[in-house]
Amino acid sequence: MKTQHKLCDGKFSVEMEVTGSGEPLLFLHGAGGLTGADPFLEDLGRGFKVYAPHLPGYGESTGGEHLDDVIDAALFYHELMDELKIPSANLVGHSMGGMLAAEVAALDTRRAKKLVLVGPAGFWIEDHPIPDIFATDLDDLPAMLFHDPKSALAQMMMAMPWDDLALLTAMYVERTRRFSMASKFLWPIPDRGLKKRSYRIAAPTLLVWGESDKVIPPVYAREFISRIRNCRLRTIKQAGHMVMYEQPAEFYKVVSEFLKS
Amino acid sequence: MKFTWFHLMPYRNLPEDFKQKYHSVWVDIPRNLYDPKVGHRLYNDYLDQLEFADHMGFDGLGVNEHHQNAYGLMPSPNLMAAALTRRTRNANLVVLGNSIALYNPPIRVAEEFAMLDVISGGRLVAGFPVGTSMDTNFCYGEVPATIREKYFEAHDLILRAWKEQDVFSFNGKYTKLRYVNLWPKPLQQPHPPVWIPGGGSVETWDFVADHDYQYSFLSYFGYKAGKKVADGYWNVMSKKGKELNPYSLGFAQVVAVAETDEQAERDYAPHMDYFYNRCLHVYPGFADAPGYRTPSTIKAGLTGQVGKQASLIREGLTWKNFINDGYVIAGSPATVRDRLREALKSLNCGHLMILQQIGSMPPELMRKSTELFAREVMPHLRDLWSGSEDKWSPKRLPADQIAMPAPLSFEPPRTNGKTHGPGAPEIRSSVK
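Protein sequence lines, in the order shown, are assigned to chains X and D. Mind the numbering: the first sequence is residues 8 to 268 in my numbering, read in order. Mind the numbering: the second sequence is residues -11 to 420 in my numbering, read in order.
Okay, chain X solo, but in the shape it has when bound (with noise of 0.2 Å):
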């Protein structure tokens, strides 16, 4: 179910998707933003109440130029789970989402029932940069983002309408639209200050990696894991960056086994 939210007298108008019942699970999207196809969130909606915002930018959510760094977007989120009137709430937060999910945390210690990261950003390590996402050509992304780029997944979630210039104008925008949302906390390099801050983060913490994620290797979690008092960390086999589509039972069952335990 698509809801549509008033925040901060009408500053950002947000689109949600709303699915199952239970305790809340707030969903942070990453760069790339919800495809309009995410089974997972049917799956978690088994055992919770999940809320999966749009961030503006994305979708049909807007006031994205009220937006100009982490600290505004977690605020954002803030907002949001005031407007909901879910106080604390599981957060689960995908790469650039990761990110924000840990700023969420971070600002205000009681909003984070229990922490989720997948495949989270936030940190650098000189020896293991981050490639490039922004300047990656649409051709070498399916590599970068799954672990077997030749699926039919893979091949499905990045496919092109080439022939159809209209749509590819469109998809073009759109593509922009949320990058350049995306940018404001990635740009150039998506270390902004979480470090200062992650100490801060006192709910219960899950690192989910896929094992061949490309985009943010799981090198990254030490940086979590020596940083966050109460994390662990589950890696899934066969599953790359977009770990949730590619190995979407397994994510289920640790996501829901450490969220319930």
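Calculated from the structure, these hints are not laboratory results. C-beta: ideal position from N, C-alpha, C; glycine also. Possibly wrong hints are sitting among the right ones.
[To be verified] Quick look at which bits of chain X chain D covers, simulated, 3 or more residues with Cβ under 8 Å: (1) 107 to 114; (2) 168 to 180; (3) 184 to 190.
[Claimed, not checked] Pair by pair, the computed Cβ-Cβ distance ranges are: (4) X:R182 x D:K215: 23 to 33 Å; (5) D:K25 x X:R229: 44 to 54 Å; (6) X:A166 x D:P283: 15 to 25 Å; (7) X:K157 x D:P24: 38 to 48 Å; (8) X:P168 x D:Q177: 48 to 58 Å; (9) D:R19 x X:M165: 45 to 55 Å; (10) D:Y167 x X:A166: 34 to 44 Å; (11) X:G200 x D:D23: 35 to 45 Å; (12) D:N312 x X:S158: 41 to 51 Å.
Given the coordinates of chain X, assemble chain D onto it according to the supplied hints.
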């Protein structure tokens, strides 16, 4: 009609197989391809060439800013303009320009432009480009989503710094200054003419129109492709009720003149090929960071000059394509005269940025092309737009107030009969 002789200052020694073997001419081009001894000769050659253009009677000398690339070796065009202030007399210094969002604080640009204007006796044209995505987002790390906002703020600060008579405070989003007090201030009052170089972003037209600036479309696709952009610009001007004054539009065009059309192809074809296939070999992922161009520009279908589409368009192009598609206007003086007149009239353009040293072109060819143009083409086009007033050229000091550099008379110059000293590295043209 006014003519600015524009130099890109390319690196001339890229290897033959550059396009096949290397990722990009911009951003991550290997540093080992740059030989500073060759660079020493190139800068001095290129400054000689600009001085020659001054001598040949061009109205302006054009320089611009690019970073981390072999396409144009001017991270700081102001340094080149400073060198030119001392050894040129007549031409305006068209610095097109400084990417003002990159300077922190941007007041630095206001200061340096004021210095250039004062040193040159009021010959400066101040250009404010946003800058290419390669330069601004990838080389200088600016966030694509906010670069335009930062650019507009920098513009407001610079213009205010030039115009205000008293110390003021500036509380911007990107720059905060408690004391703004420009010393020196520009010689031209209230400020030097402002030209806005653009690559076809639709927002730029509104900005130019609202400030009565000059818009310079810097394209390498030539006048035929440029028509779409020029029409878009004039359309905005006309909607805003502005005068359609041809001097408010500048246009860059590659021009090469020889004795005959056939000789022009023999002389210049390899250097055009070098330019289009090596100097513009930009990795598509660096051409257009997401957010660098606004949705309205993308929807207007105005594609950039570098990047995937641009490369595909240029794939396999020969001299004939370059000529027929208008990328290059080349041939005998008569041919160039006719085509250029047609081009300028169709664009309604009063300021031509003429590119005559291009790619790997050696100094002797550049000299021939420039001299033929100055003697046999330029005078025949001067009459264009004689009914319009050029409000966008500098207003310099009267001749009797211009300070002249003292002659170098400290010791007799050492000469050994050669143009260049021993040990000067040979500049080879890698295409024959």
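Consistency of the hints with the structure:
With a cut-off of 8 Å between beta carbons, the region 107 to 114 of chain X has 0 residues touching chain D; three or more are needed, and the interface restraint is violated. With 3 residues bearing a CB less than 8 Å from a CB of chain D, the region 168 to 180 of chain X meets the requirement of three and the coverage assertion stands. Residue count for the region 184 to 190 of chain X with a Cβ under 8 Å from a Cβ of chain D: 7. That meets the three needed, and the coverage hint holds. For R182 (chain X) and K215 (chain D), the hinted distance range of 23 to 33 Å is satisfied, since their beta carbons lie about 29 Å from each other.
Roughly 46 Å separates the CB atoms of K25 (chain D) and R229 (chain X), a value that falls within the hinted 44 to 54 Å. At roughly 22 Å, the beta carbons of A166 (chain X) and P283 (chain D) sit within the given window of 15 to 25 Å. A beta carbon spacing of about 46 Å between K157 (chain X) and P24 (chain D) agrees with the range 38 to 48 Å that was offered as a hint. Our hint of 48 to 58 Å for P168 (chain X) and Q177 (chain D) holds, since their Cβ atoms are close to 56 Å apart.
Taking the beta carbon of each, R19 (chain D) and M165 (chain X) are about 34 Å apart, not inside 45 to 55 Å as hinted. Distance hint for Y167 (chain D) and A166 (chain X): a CB-CB separation of about 57 Å, inconsistent with the stated range 34 to 44 Å. At roughly 42 Å, the beta carbons of G200 (chain X) and D23 (chain D) sit within the given window of 35 to 45 Å. The beta-carbon spacing between N312 (chain D) and S158 (chain X), approximately 46 Å, falls within the hinted interval of 41 to 51 Å.
In summary, the structure is inconsistent with hints 1, 9, 10 from the numbered list given earlier, while agreeing with the others.
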